[in-house]
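Each chain, written out:
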Amino acid sequence: MRYESPQTIEAASALLASEAGLARILAGGTDLLVQLRSGMVEPDLVVDVKNIPTMTSIVEENGGYRIGAAVSSAVMNEHADLCAMWPGVMEGADLIGSTQVQGRATMVGNLCNCGPAADSVPGMVAANAIATIVGPNGRREVPVIDIPVAPGKSTLAKGEIVESVFLPAQVKRGGDAYLRFIPRTEMDIAVVGVGVNIELDDSGVCTHARVGLGAVAIKVLLVEDAAKALIGSKLDDAALDKMAAATSAACKPINDKRGTIEFRTKVAGVLAVRAVKIALERANKRASNGGEK
Amino acid sequence: MSGIHVSTKINGDAVEFVCDVEETLLDVLRDKLGMTGSKEGCASGDCGACSVTVDGRLTCSCLMLGAEAEGHDIGTIEGIAKGTQLHPIQQKILDHAALQCGVCTPGFVVAAKALLEKNPDPTETEVRFWLAGNLCRCTGYDKIIRAVMDAAAEMRGQ
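In the order they appear, the protein sequences are chains P and G. So the number in the numbering used here is just where the residue sits in the first sequence, counting from 1, plus 241. So the number in the numbering used here is just where the residue sits in the second sequence, counting from 1, plus 12.
No wet-lab data here; the hints were simulated from the structure. Virtual Cβ for every residue (Gly too), placed ideally from N, Cα, C. Treat the hints with care, since some could be wrong.
[Said to hold, decoys possible] Every beta carbon over 10 angstroms from chain G, so not counted as near; a handful from chain P, in silico: (1) R243; (2) E251; (3) G338; (4) I371; (5) K399; (6) T448; (7) A458; (8) I459.
[Said to hold, decoys possible] Computed list of lysine-lysine pairs in DSSO-like fashion (alpha-carbon distance at most 27 angstroms, straight line): (9) K21/G - K44/G; (10) K518/P - K413/P; (11) K493/P - K518/P; (12) K44/G - K291/P; (13) K469/P - K483/P; (14) K475/P - K518/P; (15) K130/G - K291/P; (16) K94/G - K291/P; (17) K507/P - K483/P.
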């Protein structure tokens, strides 16, 4: 195994593209090191991306935030303005692992490992986060929802690296939230995870919604029918019931000791309703602060 | 297999080492540098026995390659006592009998110190959540939590 630590993403991409054997990107390493140790993967090349400045910074852009792919969740969660704008996304990332893991783990690593239960992904999907990808053919921008395909499998081509994720500006009366179910209080993997982002007009009518759903299918899902149930409503009980039903209907979960198909399907709808209520509270609070915090 | 030359700082001292690509920082600390205070429990980032700080940030040294330490400031359990004078967290762990076999203890001390530097006055809940990544199979945690709360109070001068 070779270890390289390039200074630019172009150099990193070239290293990955020209490697004949198996190559892996090393950001936080909280998944990769475990895979290496257990012999799950035996790469010929590991490219550490933590010395690439564009991948290790959080930058304000068009009122939103561009988060470098190698920024740890701990650093992200100490960014007060980012947490104020996208609390749901930040909470999702913050639920991953222990304090020690938080110090290294990255949201983009979570995304690119393509685990269906990745806690940071439903929130990013709900926020319509856009990933910037750099590869041998240049740069492209892809919605986060289009990156995972199946566990461990993504749409990234050989030599491509996610450089950053862009969270757009939250609107004046907008809010997001992420909730997951686990059988304990900490240090566990989601049995169901739901991220929602909603926008309302001044009369309290929902004008935009996105619902991201984790751990109940082969990949994280964007549930368009759930969003449709909310848009145009004042998020009354009838709309929330319809949304819960749409969320449950989108589930295609596995059956295992951590949660049966019936349980995961039901809980997805329940959590979606609770997440919308939190997001609504946040949206109203944000509006009452003039669209800030 | 050629070794990688790494320049780093450990507990304030400049340290250079040569390691294999596959070696974790924990392997380097224990096997190359003879710093065996950090323990290998699970080797998968679950137990926290190998906790160190990297540029002040709490990390599992088993989840990091030795090569990744290049240019960074590493803090280990060996750097916490000042000579024979124990850090208040270490002293309180003794006072409260908050250890039995002791394998998890270095990790708890490093993690608790990182917490109290960030938050000198944590609630018990905050201590419990912060230390959720440190597993102890002997004590049942209660004494450890009390020791950390007590150390925090002492460090605040209360």
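Self-check item: Hints not upheld, ascending by number
Solution: Going through the list in order, the structure violates hints 1, 3 and 16 and respects the others.
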